[in-house]
Amino acid sequence: MVRRIDVTGADGVRLAAWEFADPPKEAGAEPERRPGVLLLHGLMGRSSHWAATARWLSERHRAVALDQRGHGRSEKPSDGPFTRDAYVADAEAAVEQLGLGPVTLIGHSMGALTAWQLAAKRPDLVRSLVVCDMRASALGGASQREWDDWFRAWPVPFATLADVRKWFGEDDPWVERPSPARGEFFAEVMAERADGWRPVFSRRQMLLSRATWVYDAHWDELSQVQCPTLVVRGLDGELGRAEAQEMVRVLPRGRYAEVQDAGHLVHYDQPEGWRGAIEPFLEETADFSPSEA
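Residue numbers for the sequence shown follow the numbering used here, beginning at 15 and rising by one.
Think of the hints as simulated: they come from the structure by calculation, not from any bench.
Where is the CB? At the ideal position from N, CA and C, for every residue including glycine.
A portion of the hints provided could be inaccurate.
Said to hold, decoys possible - No more than 16 Å apart at the CA atoms, straight line, and that leaves these computed lysine to aspartate or glutamate pairs for EDC-like: (1) Lys135 - Asp162; (2) Lys135 - Asp99; (3) Lys180 - Asp162; (4) Lys135 - Glu235; (5) Lys90 - Asp25; (6) Lys135 - Asp234; (7) Lys180 - Glu190; (8) Lys180 - Glu198; (9) Lys90 - Glu198.
Said to hold, decoys possible - What follows is a list of derived Cβ distance ranges for each label pair: (10) Glu286 - Ala208: 26 to 34 Å; (11) Arg207 - Gln158: 54 to 62 Å; (12) Ala176 - Ala208: 16 to 24 Å.
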């Protein structure tokens, strides 16, 4: 069962959160108190990308996925803000309004950065942290220009969802080899309009969001994370092994895991390998208290 919960983020922005849970076995029964988990997608993502992960998490946890501002079903304010502070404050509001703390934060890409910035800001709220394929180093202006060019190359509108899957999974110049998982990922962030299928987000807003972190390194905030933290990378992802291991060294309670035959979309490429990488960590840190930090 999946139910939508509305959250009020920073500046009053309306956010959509999705809780994955089985209904109570008896009518009127109170759900048992389970450790909270907040799942944060990456740039261009949405909560549904976490569905497979959230379903097995919900066996032992209260699993909630958040559509971050500008994404999914959450509000997309034309003027933003799309700053790091806004994204972190939104996640903080979700944890507090939904009573998830002390929470385990699981973030992918940009969502992982939001997660560790929140853990550094509010150590009292965070039990443990999973960082999936996000770099702590600055990517620089060239990277941002490449993204701008890439967005301009999208052949929108797409006539069908099959065309979406094919372009992002095979024809996109950024694809080194066919990736059905990548095609499925992008098919989930398209909506049908009068002229065809278009992204549910604004590409301009995505560039604005990315510009708030791509030029800076984030090692200092990473070093301030006191809770147990697992850094996960796909062997063919964007986070290299040397940088990942340096992130683990910088973290006071850092651990490392990698997933074979996975690219940047680790949880999409290899869902079983992803589960095998993070589930033992979640079990080991289930009793960690922020007061121990």
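Going down the list of hints, with the structure as the test:
1. For the given pair, Lys135 sits about 31 Å from Asp162 by alpha-carbon distance, which is inconsistent with the 16 Å threshold.
2. For the suggested pair Lys135 and Asp99, the alpha carbons sit about 10 Å apart, so the restraint of at most 16 Å is met.
3. Of the supplied pair hints, the one linking Lys180 and Asp162 is violated, its CA atoms being roughly 21 Å apart against a limit of 16 Å.
4. Restraint check for Lys135 and Glu235: satisfied, since their Cα atoms lie roughly 8 Å apart, inside the 16 Å limit.
5. Distance check on the hinted pair: Lys90 and Asp25 sit about 12 Å apart at the alpha-carbon level, within 16 Å; holds.
6. Proposed proximity of Lys135 and Asp234 is supported: the alpha carbons are some 12 Å apart, at most 16 Å.
7. This hinted pair checks out: Lys180 and Glu190 have alpha carbons roughly 14 Å apart, not beyond 16 Å.
8. Simply put, Lys180 and Glu198 have alpha-carbon atoms about 9 Å apart, close enough for the 16 Å limit, and the pair holds.
9. Straight-line distance between C-alpha atoms of Lys90 and Glu198 comes to about 23 Å, which puts the hinted pair past the 16 Å bound.
10. A beta carbon spacing of about 40 Å between Glu286 and Ala208 contradicts the range 26 to 34 Å that was offered as a hint.
11. Checked against the hint of 54 to 62 Å, the C-beta distance between Arg207 and Gln158 comes to roughly 27 Å, which is inconsistent with it.
12. Checking the proposed 16 to 24 Å range against Ala176 and Ala208 shows it holds: the Cβ atoms sit about 19 Å from each other.
Hint compliance for this structure: hints 1, 3, 9, 10, 11 are not met, and every other hint is.
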